[in-house]
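Peer 1: Protein sequence lines, in the order shown, are assigned to chains A and B.
Just so you know, we're using the working numbering here: the first sequence kicks off at 1 and counts up by one.
Just so you know, we're using the working numbering here: the second sequence kicks off at 112 and counts up by one.
Since the hints were made in silico from the structure, they are not lab data.
Don't take each hint at face value.
So, partial list: chain A residues that the calculated Cβ filter (under 10 Å) puts toward chain B [unchecked claim]:
1. A42
2. F45
3. G59
4. I73
Here are a few chain A residues that face chain B, going by a calculated C-beta distance under 10 Å [what the hints assert, rightly or not]:
5. V4
6. N29
7. R31
8. P43
9. K68
10. F71
11. C92
12. K98
13. T100
14. G102
15. K103
Cross-link-like lysine to aspartate or glutamate pairs, in silico, EDC-like; alpha carbons within 20 Å at most [as the list claims (entries may be wrong)]:
16. K131(B) - D176(B)
17. K153(B) - E55(A)
18. K152(B) - D66(A)
Glycine included, every Cβ here is placed at the ideal spot set by N, Cα and C.
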Amino acid sequence: EDKVVQSPLSLVVHEGDTVTLNCSYEVTNFRSLLWYKQEKKAPTFLFMLTSSGIEKKSGRLSSILDKKELFSILNITATQTGDSAIYLCAFCGGSNYKLTFGKGTLLTVNP
Amino acid sequence: GAVVSQHPSRVICKSGTSVKIECRSLDFQATTMFWYRQFPKKSLMLMATSNEGSKATYEQGVEKDKFLINHASLTLSTLTVTSAHPEDSSFYICSASDPGLATDTQYFGPGTRLTVL
């Protein structure tokens with residue numbers, strides 16, 4: 001059975017800290033891995049990763065995929081209170097492009 | 112680009128009534144849309160995959176007669192919760208893929224909070 005495991009489940013840091021969120025997966029037909037940020041409403045897209053070792057970067061956020069070890073990390077540097085959210089990792093597999101989500105990491109950034 | 116809207120954002124209904132939720136892709140054509148359900152402090156659970164012009168594909172354990180999905184056009188999919196009961200109260204989110212951008216990336220609507228009394 002395909003599964004996505006995220007860790008930690010929750011994390012509390014202070015503004016300015018750097019955080020690393022982890023996502024490991026066991027899937028039978030891997031196409032891509034995606035990261036989303038969910039605040040009060042629906043998730044917003046952050047990154048899509050398909051190739052190992054190539055870092056994707058957007059401002060203070062970056063992510064990388066390791067297809068050999070079957071994991072991905074999401075880094076956030078110089079965290080701000082606005083980074084507080086649930087960060088979801090999902091893999092896309094199969095012919096119908098459906099996403100399977102992990103349980104998410106609840107990040108709280110305190111001032 | 113890649114904006115998805117949902118309507119209504121919040122609905123409260125009595126037990127036994129049916130509720131329709133609309134999902135629209137505003138600036139692209141979505142051949143495939145997805146419907147998710149999310150319980151408090153839980154992750155998104157895929158309910159069904161909606162394909163334009165054909166029947167939806169439901170995930171295991173999701174009652175197709177209870178959750179009717181119609182994808183009549185390339186920009187609109189609807190989810191109807193029939194004979195709603197309090198246990199159907201949840202956050203329902205749709206998403207759509209834009210084949211013109213990156214097929215794997217799904218863009219989510221803002222969600223619909225359903226409360227069944």
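Peer 1: Indicate, hint by hint, whether the structure satisfies it.
Peer 2: Evaluated hints:
Residue-level restraint check for A42(A) holds (minimum Cβ-Cβ distance to chain B is 4 Å; threshold 10 Å). The closest approach between the C-beta of F45(A) and any C-beta of chain B is roughly 6 Å, which is under the 10 Å cut-off, so the hint is satisfied. Interface hint status for G59(A): violated, as the beta-carbon distance to the closest one in chain B is roughly 18 Å, over 10 Å. A hinted interface residue such as I73(A) counts as satisfied when its beta carbon comes closer than 10 Å to some beta carbon of chain B; here the least separation is about 18 Å, so the hint is violated.
Residue-level restraint check for V4(A) holds (minimum Cβ-Cβ distance to chain B is 9 Å; threshold 10 Å). Because the smallest distance between the Cβ of N29(A) and any Cβ of chain B comes to about 12 Å, over 10 Å, the interface hint for this residue is violated. The interface hint given for R31(A) holds, since its Cβ lies 6 Å from the closest Cβ of chain B, which is under the 10 Å cut-off. Hint status for P43(A) relative to chain B: holds, with the closest Cβ pair at about 5 Å, below 10 Å.
Violation of the interface hint for K68(A) is found here, the shortest Cβ-Cβ separation to chain B being roughly 20 Å, above the 10 Å cut-off. For F71(A), the shortest C-beta to C-beta distance to chain B is roughly 18 Å, which exceeds 10 Å, and the interface hint is violated. Given the 10 Å rule on beta carbons, the hint for C92(A) holds: about 4 Å separates it from the nearest Cβ of chain B. Annotation: interface hint on K98(A) holds; nearest CB of chain B at approximately 6 Å, less than 10 Å.
The beta carbon of T100(A) comes within 7 Å of a beta carbon in chain B, closer than 10 Å, and the hint placing it at the interface holds. The interface hint given for G102(A) holds, since its Cβ lies 6 Å from the closest Cβ of chain B, which is under the 10 Å cut-off. Hint status for K103(A) relative to chain B: holds, with the closest Cβ pair at about 5 Å, below 10 Å. Distance hint between K131(B) and D176(B) is fulfilled; the C-alpha atoms sit about 14 Å from each other, no more than 20 Å.
Distance check on the hinted pair: K153(B) and E55(A) sit about 28 Å apart at the alpha-carbon level, beyond 20 Å; violated. Between K152(B) and D66(A) the alpha-carbon distance is near 28 Å, which puts this suggested pair outside the 20 Å criterion.
Hints 3, 4, 6, 9, 10, 17 and 18, counting from the list given before, are not met by this structure.
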